[in-house]
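Going letter by letter, the sequence shown gives residues 1 to 224 in my numbering.
Since the hints were made in silico from the structure, they are not lab data. Just so it is clear, the structure is predicted and the values come from calculations on it, not from any experiment. It is possible that some hints are incorrect.
[Unchecked claim] Straight-line C-alpha distance at most 20 Å; calculated PhoX-like pairs for lysine-lysine:
1. Lys10 to Lys82
2. Lys16 to Lys82
3. Lys20 to Lys69
4. Lys82 to Lys222
[Said to hold, decoys possible] Pair ranges (Cβ atoms, derived):
5. Arg72 to Met122: 46 to 54 Å
6. Asp71 to Thr24: 25 to 33 Å
7. Ala113 to Arg3: 42 to 50 Å
8. Ala27 to Ala70: 27 to 35 Å
9. Asp71 to Ile101: 26 to 34 Å
10. Tyr115 to Val210: 23 to 31 Å
11. Tyr18 to Met122: 26 to 34 Å
C-beta: ideal position from N, C-alpha, C; glycine also.
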Amino acid sequence: MNRIKGLIVKDLLQLKSYRKTLVTFIAVFIAVSFLDTNKESIETTIILMMTLGLGMFSIATFNYDEMAKADRYILTLPVNRKDIVLSKYILVVISTFVGAILGMILSVGMTYAIYQEIPEMMYLMSLAMGGIFGLGVVNAIQIPCIFKYGAEKGRIQRFIALAVICLMFYGIFYLFQRFNIHIEIQSTIDMVKNYSVIILIPTVLILYYVSYKISYMIYRKKEL
Numbered sequence: 001m002n003r004i005k006g007l008i009v010k011d012l013l014q015l016k017s018y019r020k021t022l023v024t025f026i027a028v029f030i031a032v033s034f035l036d037t038n039k040e041s042i043e044t045t046i047i048l049m050m051t052l053g054l055g056m057f058s059i060a061t062f063n064y065d066e067m068a069k070a071d072r073y074i075l076t077l078p079v080n081r082k083d084i085v086l087s088k089y090i091l092v093v094i095s096t097f098v099g100a101i102l103g104m105i106l107s108v109g110m111t112y113a114i115y116q117e118i119p120e121m122m123y124l125m126s127l128a129m130g131g132i133f134g135l136g137v138v139n140a141i142q143i144p145c146i147f148k149y150g151a152e153k154g155r156i157q158r159f160i161a162l163a164v165i166c167l168m169f170y171g172i173f174y175l176f177q178r179f180n181i182h183i184e185i186q187s188t189i190d191m192v193k194n195y196s197v198i199i200l201i202p203t204v205l206i207l208y209y210v211s212y213k214i215s216y217m218i219y220r221k222k223e224l
């Protein structure tokens, strides 16, 4: 575990150069929120942008490692390829959840500052879970692509994979319409809102686990 902790610390130190960008990112969305007159829009924007923003920032560590050819050096240390892959996933999961929590805190603060109201916590949590789930789907696809093709070349492959997923969802909706299968949208939203923690967190963890296994299988056979 100390090996993985060391790899995560190494990645966090690499991300220090993004401090100003991250602070600017947060400041911009706080400023925009003050201009918005819709309370729900403020809550949605702050939570989703913080969740997605911090979750995506951690992916930048792949670029640093690729440019420095860091893996060749790291593997001369007492770490193995499984440690490297696992540390990346742990960092992504932690940064995503930190972004969601920070987004909820900022959302409560902004809503109280503007409207003198405390927002409904279950609603904020469902928004955060939605952001975590959406980013989980994206990361579950893009991280194996990065391990397979590299941080630069992997972008094209992951966009293709995401496009395929979008087409699959479009196909499912088309089939529902074609065969007159109706879905109660509001009841589905209410179910996610009430049971988001129970439904979405296990689903995201399963997605990350499957993605981790695929990434490790790719990275184990990769020549550096």
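Against the structure, the hints:
1. For the proposed pair Lys10 and Lys82, the alpha carbon gap of about 16 Å is at most 20 Å, so the pair holds.
2. The hinted pair formed by Lys16 and Lys82 fails the criterion: a straight-line CA distance of about 25 Å is larger than 20 Å.
3. For the hint pairing Lys20 with Lys69, the CA-to-CA distance comes to about 25 Å; that exceeds 20 Å, so the pair is violated.
4. Restraint check: the Cα-Cα separation between Lys82 and Lys222 comes to about 12 Å, which is no more than 20 Å; the hinted pair holds.
5. At about 48 Å, the beta-carbon gap between Arg72 and Met122 stays in the expected band of 46 to 54 Å.
6. Between Asp71 and Thr24 the Cβ separation comes to about 31 Å, which falls inside the hinted range of 25 to 33 Å.
7. Taking the beta carbon of each, Ala113 and Arg3 are about 44 Å apart, inside 42 to 50 Å as hinted.
8. Checking the proposed 27 to 35 Å range against Ala27 and Ala70 shows it holds: the Cβ atoms sit about 31 Å from each other.
9. Here the CB-CB span from Asp71 to Ile101 is close to 31 Å, well matched to the stated 26 to 34 Å.
10. Restraint check, Tyr115 to Val210: a C-beta distance of roughly 42 Å breaks the suggested window 23 to 31 Å.
11. Between Tyr18 and Met122 the Cβ separation comes to about 32 Å, which falls inside the hinted range of 26 to 34 Å.
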